[in-house]
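J.: Residue numbers (this note's numbering), protein chains in the order written: chain P, 1 to 98; chain G, 1 to 136.
Do not rely on the hints blindly, as some may be mistaken.
Said to hold, decoys possible - Covered stretches of chain G, going by a simulated chain P footprint (3 or more residues, C-beta under 8 Å): (1) 37 to 51; (2) 103 to 116.
To be verified - Here are the in silico distance ranges between beta carbons for each label pair: (3) P/Asp10 with G/Ile102: 23 to 33 Å; (4) G/Asp14 with P/Gln70: 31 to 41 Å; (5) P/Gly18 with G/Val127: 30 to 40 Å; (6) P/Asp31 with G/Leu95: 21 to 31 Å.
To be verified - Straight-line C-alpha distance at most 20 Å; calculated EDC-like pairs for lysine to aspartate or glutamate: (7) G/Lys132 with G/Asp65; (8) G/Lys33 with P/Glu50; (9) G/Lys77 with G/Glu118; (10) G/Lys112 with P/Glu81; (11) P/Lys69 with G/Asp115; (12) G/Lys9 with P/Glu27; (13) P/Lys65 with G/Asp92; (14) G/Lys2 with G/Glu15; (15) G/Lys112 with P/Glu27.
Because the hints were derived from the structure by calculation, they are not lab data. Quick caveat, the model's predicted, so the values are computed rather than measured. Every residue, glycine too, gets a C-beta built ideally from N, C-alpha and C.
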Amino acid sequence: MTINKTKNGDAMTVALEGRLDTTTAPELDADMKGSLEGVKELIFDFANLEYISSAGLRVILANQKAMSKQGSMKVVNVSAEIMEIFSVTGFSDILTIE
Amino acid sequence: MKELTVDAKVENLDEVLAFLREELEAHDCPPAKEMQMEVAAEELFVNVANYAYDGGDGKITVSIDVAEGNSCEISFKDSGAPFDPLAKEDPDVTLSAEERPIGGLGIYMVKKSMDAVEYEYRNGQNVLLIRKILSK
Chain P
1 MTINKTKNGD AMTVALEGRL DTTTAPELDA DMKGSLEGVK ELIFDFANLE YISSAGLRVI
61 LANQKAMSKQ GSMKVVNVSA EIMEIFSVTG FSDILTIE
Chain G
1 MKELTVDAKV ENLDEVLAFL REELEAHDCP PAKEMQMEVA AEELFVNVAN YAYDGGDGKI
61 TVSIDVAEGN SCEISFKDSG APFDPLAKED PDVTLSAEER PIGGLGIYMV KKSMDAVEYE
121 YRNGQNVLLI RKILSK
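All chains should be built: construct the whole structure from the sequences, respecting the hints.
T.: Structure (structure tokens):
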């Protein structure tokens with residue numbers, strides 16, 4: 001998985017490429033924990049994300065929890081396949097998906 | 001039916017998923033269904049890798065069978081201590097982001113996304129079976 005972060009003032013876009021699974025989720029978790037200071041708007045771009053499992057959902061939820069305290073978060077460019085995973089888990093109700 | 005036996009270690013996840021993916025693609029599985037099968041398989045494999053042998057070494061055998069009518073069956077067999085992961089209580093998926101505990105979703109996703117999920121302890125083995133119709 002590739003993590004591509006772009007900062008624009010207090011907004012940060014995190015573009016993910018590849019697979020967010022049990023093997024790669026800890027990388028994203030560690031990376032994000034050190035990156036959120038001062039961020040008011042967090043955008044996850046899933047355009048090139050091929051796959052997400054529950055390990056990936058855990059990291060997304062942890063970031064949503066952190067951002068609820070300091071600003072906002074949204075997820076963009078979600079594929080139909082990943083949207084189904086979000087629906088099954090109720091994530092489609094708790095995340096802002098555009 | 002195709003079968004793969006590997007050490008029950010998280011490092012072997014990619015190999016297991018690639019093995020299943022190849023078979024699913026060979027049967028023209030629609031992408032959304034393929035991801036659901038993989039997500040379920042990842043969950044069950046990682047569960048065995050993390051817990052079945054209590055930190056020790058052991059094997060897991062994964063088999064996949066796509067039958068007539070595109071009914072796909074994947075089974076996981078390990079020789080660890082008897083453990084039924086399906087017995088776990090389902091999480092409350094109506095809670096808000098703030099209220100939700102992080103984690104606990106994996107097995108629930110398996111139950112919700114498959115047509116059938118069965119656990120059995122048979123001949124000294126944990127046998128978990130998932131089944132889903134692959135066609136639209």
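J.: Give a verdict on every hint.
T.: Verification of the hints:
1. 37 to 51: holds (count 5)
2. 103 to 116: holds (count 7)
3. P/Asp10 with G/Ile102: 23 to 33 Å: 25 Å, holds
4. G/Asp14 with P/Gln70: 31 to 41 Å: 35 Å, holds
5. P/Gly18 with G/Val127: 30 to 40 Å: 32 Å, holds
6. P/Asp31 with G/Leu95: 21 to 31 Å: 27 Å, holds
7. G/Lys132 with G/Asp65: Holds. G/Lys132 to G/Asp65 sits at ~11 Å (cutoff 20 Å).
8. G/Lys33 with P/Glu50: 13 Å, holds
9. G/Lys77 with G/Glu118: Given that 20 Å is the threshold and the Cα spacing comes to 12 Å, the pair holds.
10. G/Lys112 with P/Glu81: 15 Å, holds
11. P/Lys69 with G/Asp115: Violated, at roughly 39 Å.
12. G/Lys9 with P/Glu27: Distance ~18 Å between G/Lys9 and P/Glu27 Cα, so the pair holds.
13. P/Lys65 with G/Asp92: It holds: about 17 Å lies between the C-alpha atoms, which stays within 20 Å.
14. G/Lys2 with G/Glu15: Since the Cα atoms of G/Lys2 and G/Glu15 sit roughly 14 Å apart, the hinted pair holds (cutoff 20 Å).
15. G/Lys112 with P/Glu27: Violated, because 28 Å separates the two Cα atoms, which is more than 20 Å.
Of the numbered hints stated above, those contradicted by the structure are hints 11 and 15, listed in ascending order.
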